[in-house]
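Using the sequences and the hints, build the whole thing.
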Amino acid sequence: MAAIDHLTRRRLLQQGAGWLGASALGLPAALAQQRSDRRIALVIGNGAYRSTPLKNPVGDAEAVAGSLKQLGYEVMLRKDTSFVDLIESLRDFSVRAAAHPVRVLFYAGHGIQARGRNYLLPVDVEPQSEDEIAAKAADVGQVIDRLGALKHGLNIVVLDACRVNPFAGGVIVGPDGRRLKFRGVARTGLAPLDAPVGTLVAFSTAPNGVALDGAGSAHSIYARHLLQHLPTPGLPVEQLFKRVRIGVADETQRVQVPWESSSLTADFCFKAGPQGQCG
1339 MAAIDHLTRR RLLQQGAGWL GASALGLPAA LAQQRSDRRI ALVIGNGAYR
1389 STPLKNPVGD AEAVAGSLKQ LGYEVMLRKD TSFVDLIESL RDFSVRAAAH
1439 PVRVLFYAGH GIQARGRNYL LPVDVEPQSE DEIAAKAADV GQVIDRLGAL
1489 KHGLNIVVLD ACRVNPFAGG VIVGPDGRRL KFRGVARTGL APLDAPVGTL
1539 VAFSTAPNGV ALDGAGSAHS IYARHLLQHL PTPGLPVEQL FKRVRIGVAD
1589 ETQRVQVPWE SSSLTADFCF KAGPQGQCG
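When you read off a place in the sequence shown, starting at 1, and then add 1338, the result is the number in the working numbering.
The reader is advised that the hints may include incorrect statements.
Straight-line alpha carbon distances no greater than 25 angstroms define the calculated BS3-like cross-link-like pairs of lysine-lysine that follow [said to hold, decoys possible]:
1) Lys1393 / Lys1489
2) Lys1407 / Lys1580
3) Lys1609 / Lys1407
4) Lys1393 / Lys1407
5) Lys1407 / Lys1417
6) Lys1489 / Lys1474
7) Lys1609 / Lys1580
8) Lys1417 / Lys1474
9) Lys1474 / Lys1609
Listed next, with one range per pair, are the computed distances between beta-carbon atoms [said to hold, decoys possible]:
10) Lys1580 / Gln1613: 18 to 26 angstroms
11) Ser1420 / Cys1616: 34 to 42 angstroms
12) Ala1473 / Arg1581: 35 to 43 angstroms
13) Val1535 / Gln1615: 18 to 26 angstroms
14) Ala1604 / Pro1571: 12 to 20 angstroms
15) Gly1572 / Arg1376: 15 to 23 angstroms
16) Gln1615 / Glu1464: 47 to 55 angstroms
17) Gly1410 / Ala1529: 16 to 24 angstroms
18) Gly1572 / Ser1601: 16 to 24 angstroms
Hints listed in this document are in silico derivations from the structure and should not be mistaken for laboratory results. For every residue, glycine included, the Cβ atom is placed at its ideal position computed from N, Cα and C.
Written out as structure tokens, the structure is:
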């Protein structure tokens, strides 16, 4: 990503989790119509955390990005994002999304809930209390609300973001190696949420649950099953995630059971069937 000047960095840091409050730049209706056959995806993999690094997210993101590119998506791939990079990537995606009828967001990495809201954690996150999380992470609800405000097309949001709670032990490691006490109790996993109209939100595990990283594997269990079914011709998105749920639940003996919240109002397949059909 191009370097961000000091003024932009300061502005982003001040805005924190409220980055989606401002209106995204509009695009002419004619331009949106010209791009009606285009699909866009933002794919993020965060694994290089200081205190609780994750093995699989970057590889998961690279594989999902590659699969979506083969399916004709315009893909924005981001790896090991800092706070500034994460916020700027989501902002850029929300602006560009308005010109595309199909918007996909895939995130692999640490996710956490604080005071009933869900957050995606950048790799440089260093909150020392639950109160600080909102200012140092990306609010999932704001991301989804922004996409849901678009009155055309559909949104698919996939969150493989509950692998461990980085603050469960009450201690985080600062940039200088000091061990810092985390004040407050952050609950395990993500909180449930309702998808707005035209949106499907897929979670790698049930509310308040913990997903499993792929020990000894190139991908997490959830990402591996997702990658298996993404290129299936004519497979409706609801059936795709049902197959993923069955596969993950069987492999983990129901320790991890993915779930979805959906308010889709149109049929959708990641890859159309031989005659262009879905279903």
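We went through each hint and held it up to the structure:
1. Lys1393 / Lys1489: With a Cα-Cα distance of about 38 angstroms, the restraint between Lys1393 and Lys1489 is violated, given a limit of 25 angstroms.
2. Lys1407 / Lys1580: holds, 23 angstroms
3. Lys1609 / Lys1407: holds, 12 angstroms
4. Lys1393 / Lys1407: holds, 23 angstroms
5. Lys1407 / Lys1417: holds, 16 angstroms
6. Lys1489 / Lys1474: Violated - the C-alpha atoms of Lys1474 and Lys1489 are around 30 angstroms apart, more than 25 angstroms.
7. Lys1609 / Lys1580: holds, 16 angstroms
8. Lys1417 / Lys1474: Answer holds: Lys1417 to Lys1474 is near 18 angstroms, not above 25 angstroms.
9. Lys1474 / Lys1609: Not satisfied, since the Cα-Cα distance of roughly 37 angstroms exceeds 25 angstroms.
10. Lys1580 / Gln1613: 18 to 26 angstroms: Check passed, 23 angstroms falls within 18 to 26 angstroms.
11. Ser1420 / Cys1616: 34 to 42 angstroms: Distance hint for Ser1420, Cys1616 holds at roughly 38 angstroms.
12. Ala1473 / Arg1581: 35 to 43 angstroms: Since the Cβ atoms of Ala1473 and Arg1581 sit about 39 angstroms apart, the hinted range of 35 to 43 angstroms holds.
13. Val1535 / Gln1615: 18 to 26 angstroms: holds, 24 angstroms
14. Ala1604 / Pro1571: 12 to 20 angstroms: holds, 18 angstroms
15. Gly1572 / Arg1376: 15 to 23 angstroms: Distance hint for Gly1572, Arg1376 holds at roughly 21 angstroms.
16. Gln1615 / Glu1464: 47 to 55 angstroms: holds, 50 angstroms
17. Gly1410 / Ala1529: 16 to 24 angstroms: violated, 34 angstroms
18. Gly1572 / Ser1601: 16 to 24 angstroms: Once the Cβ atoms are compared, 23 angstroms apart, the range 16 to 24 angstroms for Ser1601 and Gly1572 holds.
In summary, the numbered hints that this structure violates are 1, 6, 9 and 17.
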